[in-house]
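Engineer: Now for the letters of each chain:
Protein chains: 2
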Amino acid sequence: MERLDELHRKNYVIFQDTEKFCFGTDAVLLSSFVTMQKNANVLDLGTGNAIIPILLCARHNSGHITGLEIQKDSVVLAQKSIEKNLLEDRISIVEGDIKNVPTIFKGRKFDVVVSNPPYMKGQDINAQDAKAIARHEILCTLEDVVKAAFYVLKSAGSFFMVYRPERVVDALAVLRENKLEPKIIRFVHANVDKEPKLVLIKAVKGGKMGCNVLAPLIMYNSDGALTAEAYQIYYGEA
Amino acid sequence: MERLDELHRKNYVIFQDTEKFCFGTDAVLLSSFVTMQKNANVLDLGTGNAIIPILLCARHNSGHITGLEIQKDSVVLAQKSIEKNLLEDRISIVEGDIKNVPTIFKGRKFDVVVSNPPYMKGQDINAQDAKAIARHEILCTLEDVVKAAFYVLKSAGSFFMVYRPERVVDALAVLRENKLEPKIIRFVHANVDKEPKLVLIKAVKGGKMGCNVLAPLIMYNSDGALTAEAYQIYYGEA
Numbered sequence: 008m009e010r011l012d013e014l015h016r017k018n019y020v021i022f023q024d025t026e027k028f029c030f031g032t033d034a035v036l037l038s039s040f041v042t043m044q045k046n047a048n049v050l051d052l053g054t055g056n057a058i059i060p061i062l063l064c065a066r067h068n069s070g071h072i073t074g075l076e077i078q079k080d081s082v083v084l085a086q087k088s089i090e091k092n093l094l095e096d097r098i099s100i101v102e103g104d105i106k107n108v109p110t111i112f113k114g115r116k117f118d119v120v121v122s123n124p125p126y127m128k129g130q131d132i133n134a135q136d137a138k139a140i141a142r143h144e145i146l147c148t149l150e151d152v153v154k155a156a157f158y159v160l161k162s163a164g165s166f167f168m169v170y171r172p173e174r175v176v177d178a179l180a181v182l183r184e185n186k187l188e189p190k191i192i193r194f195v196h197a198n199v200d201k202e203p204k205l206v207l208i209k210a211v212k213g214g215k216m217g218c219n220v221l222a223p224l225i226m227y228n229s230d231g232a233l234t235a236e237a238y239q240i241y242y243g244e245a
Numbered sequence: 008m009e010r011l012d013e014l015h016r017k018n019y020v021i022f023q024d025t026e027k028f029c030f031g032t033d034a035v036l037l038s039s040f041v042t043m044q045k046n047a048n049v050l051d052l053g054t055g056n057a058i059i060p061i062l063l064c065a066r067h068n069s070g071h072i073t074g075l076e077i078q079k080d081s082v083v084l085a086q087k088s089i090e091k092n093l094l095e096d097r098i099s100i101v102e103g104d105i106k107n108v109p110t111i112f113k114g115r116k117f118d119v120v121v122s123n124p125p126y127m128k129g130q131d132i133n134a135q136d137a138k139a140i141a142r143h144e145i146l147c148t149l150e151d152v153v154k155a156a157f158y159v160l161k162s163a164g165s166f167f168m169v170y171r172p173e174r175v176v177d178a179l180a181v182l183r184e185n186k187l188e189p190k191i192i193r194f195v196h197a198n199v200d201k202e203p204k205l206v207l208i209k210a211v212k213g214g215k216m217g218c219n220v221l222a223p224l225i226m227y228n229s230d231g232a233l234t235a236e237a238y239q240i241y242y243g244e245a
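Sequence lines, in order, name chains A and B.
Taking the numbering used here, the leading residue of the first sequence gets 8, the next gets one more, and so forth.
Taking the numbering used here, the leading residue of the second sequence gets 8, the next gets one more, and so forth.
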């Protein structure tokens, strides 16, 4: 079922298909975690319904944002949201496979690459299911995403990703092996006394060793209300 | 200057030389983070004045704990504290180099290995300074410690270490490369809104991929008092 949701930012909206992957905390926190120079050229690997490019447009004075997406249905939804938000000049969607990035973007380099890659191993999963494709390593693995990011980034360009803490060792290892050195790490906890649900990572192409682990991002106070920081991320001014 | 300090646990005390490395939060938190089966055989790599073995004796029904230390002066201090605490039956100190572990412990295997390894790069440091040796990679690197731990651990044995967050990527990478898979990670923050000062890591020899990042350990409330958990670690019953 198709549905139009508000994003609480600049009146932007998004078309979502409730039978497919719908955006969640991942996309909101990743777009808030991203930092970039004004007019930076940005690529979102596995953009889905373009939720991350749209949120980035709301938050940043980005240059052009390109979203790469392999699933035809998602590309159609993404286009619809981009037109509805009058963002055709700022976002474009390319239909294609992350593994073909060297061909698709031959000769093009980006300042910033972002991704919310699949984080579950892909065995025994229905490969026709769009939700499964977004979450599981069916059509691409974390390593495919990281290799693609390395390929299209300028030297010293930044890669931002959101991932699951139980695979943080894999993420950090794959990033370093592929010369994207992890520089900033932040864990996201529902409550201060709970294990983290997400981890946000910034890596720099050719960066020096040595990273900065930030204070934890806590989403809820003990009374169940959003913390001041989480409220700011969801509803605050960009 | 030599000094006798209380440990707030079972009336144990420790002799420290204020011109050398004195124990701190690192040792207290590491000994609290360690888990072990009753009667586990334990090795502490770079034991210094034996603070970690003594704290482990206070907290755990460990079997025998061996401390390996390269600095003669520290070995003498360690022996003095062990005798003062009547722990000669539970702790023994071996003078030797972590890099010679395969020779020193030929044929011996341990259930648990712990270490508070040096965490600063060793360039341009006075190699005669005992404080510097404890903190900098002069006489051994993190990789030397991890290789030694792998060598002396039984299959599926546990390695516990405390380290600095700015080098957590190095630590996780070196552990995995040496077949000690990181399984539990905990960051320690002075306050909830501050970056972590320490990271505690448990790795398992030959363990499967997939790790558990715990809730942050917060040391102080906003009023400056120890949190309930930190108080328990410092002064609570074992």
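Please keep in mind that the hints were generated in silico from the structure rather than gathered at the bench.
Each residue gets a CB set at the ideal place from its N, CA and C atoms; glycine is no exception.
Treat the hints with care, as some may be off.
Only pairs whose alpha carbons sit at most 20 Å apart, straight line, appear in this in silico SDA-like list of lysine to any residue [stated by the list, open to error]: (1) A:K201 x B:K212; (2) B:K201 x A:K87; (3) A:K201 x B:A235; (4) B:K190 x A:A235; (5) B:K212 x B:K128; (6) B:K201 x A:G214; (7) A:K45 x A:K87; (8) B:K190 x A:G31; (9) B:K215 x B:D80; (10) B:K79 x B:V101; (11) B:K116 x B:D177; (12) A:K186 x B:K212; (13) A:K128 x B:K201; (14) A:K215 x A:N185; (15) A:K204 x B:G114; (16) B:K186 x A:G31; (17) B:K201 x A:K113; (18) A:K190 x B:R171; (19) B:K201 x A:K186; (20) A:K204 x A:G31; (21) B:K201 x A:L224; (22) A:K190 x B:K128; (23) A:K161 x A:K87; (24) A:K201 x B:Q78; (25) A:K190 x B:D177; (26) B:K201 x A:A197; (27) B:K201 x A:N18; (28) B:K204 x A:V199; (29) A:K215 x B:E144; (30) A:K87 x A:N18; (31) A:K201 x B:N198; (32) B:K201 x A:A235; (33) B:K190 x A:R174; (34) B:K45 x B:K128.
Quick partial rundown of chain A residues pointing at chain B, CB under 10 Å, derived from the structure [claimed, not checked]: (35) L11; (36) G31; (37) L146; (38) E150; (39) V176; (40) R183.
Engineer: Against this structure, judge whether each hint is valid.
Structural biologist: Taking the hints in turn, this is what the structure says about them:
1. A:K201 x B:K212: violated, 27 Å
2. B:K201 x A:K87: This hinted pair is violated, its Cα atoms lying about 42 Å apart.
3. A:K201 x B:A235: holds, 16 Å
4. B:K190 x A:A235: violated, 32 Å
5. B:K212 x B:K128: Given pair B:K212, B:K128 is violated - Cα atoms ~26 Å apart, limit 20 Å.
6. B:K201 x A:G214: With a Cα-Cα distance of about 24 Å, the restraint between B:K201 and A:G214 is violated, given a limit of 20 Å.
7. A:K45 x A:K87: It is violated: about 26 Å lies between the C-alpha atoms, which goes past 20 Å.
8. B:K190 x A:G31: violated, 27 Å
9. B:K215 x B:D80: violated, 40 Å
10. B:K79 x B:V101: It holds: about 10 Å lies between the C-alpha atoms, which stays within 20 Å.
11. B:K116 x B:D177: violated, 26 Å
12. A:K186 x B:K212: violated, 27 Å
13. A:K128 x B:K201: It is violated: about 34 Å lies between the C-alpha atoms, which goes past 20 Å.
14. A:K215 x A:N185: The given pair, whose Cα atoms are some 13 Å apart, holds under the 20 Å limit.
15. A:K204 x B:G114: violated, 43 Å
16. B:K186 x A:G31: It is violated: about 36 Å lies between the C-alpha atoms, which goes past 20 Å.
17. B:K201 x A:K113: Violated, at about 43 Å.
18. A:K190 x B:R171: holds, 14 Å
19. B:K201 x A:K186: violated, 29 Å
20. A:K204 x A:G31: holds, 12 Å
21. B:K201 x A:L224: With a Cα-Cα distance of about 10 Å, the restraint between B:K201 and A:L224 holds, given a limit of 20 Å.
22. A:K190 x B:K128: Distance ~18 Å between A:K190 and B:K128 Cα, so the pair holds.
23. A:K161 x A:K87: Violated - the C-alpha atoms of A:K87 and A:K161 are around 30 Å apart, more than 20 Å.
24. A:K201 x B:Q78: violated, 41 Å
25. A:K190 x B:D177: Holds, because 12 Å separates the two Cα atoms, which is no more than 20 Å.
26. B:K201 x A:A197: Holds: B:K201 and A:A197 sit about 17 Å apart, inside 20 Å.
27. B:K201 x A:N18: violated, 34 Å
28. B:K204 x A:V199: Cα-Cα ~17 Å, so holds.
29. A:K215 x B:E144: holds, 18 Å
30. A:K87 x A:N18: holds, 15 Å
31. A:K201 x B:N198: holds, 16 Å
32. B:K201 x A:A235: holds, 15 Å
33. B:K190 x A:R174: holds, 10 Å
34. B:K45 x B:K128: violated, 37 Å
35. L11: violated, 36 Å
36. G31: violated, 20 Å
37. L146: violated, 21 Å
38. E150: Check failed: Cβ of A:E150 comes no nearer than 13 Å to chain B, outside 10 Å.
39. V176: Holds, about 5 Å.
40. R183: holds, 6 Å
Hint violations for this structure: numbers 1, 2, 4, 5, 6, 7, 8, 9, 11, 12, 13, 15, 16, 17, 19, 23, 24, 27, 34, 35, 36, 37 and 38, all remaining hints satisfied.
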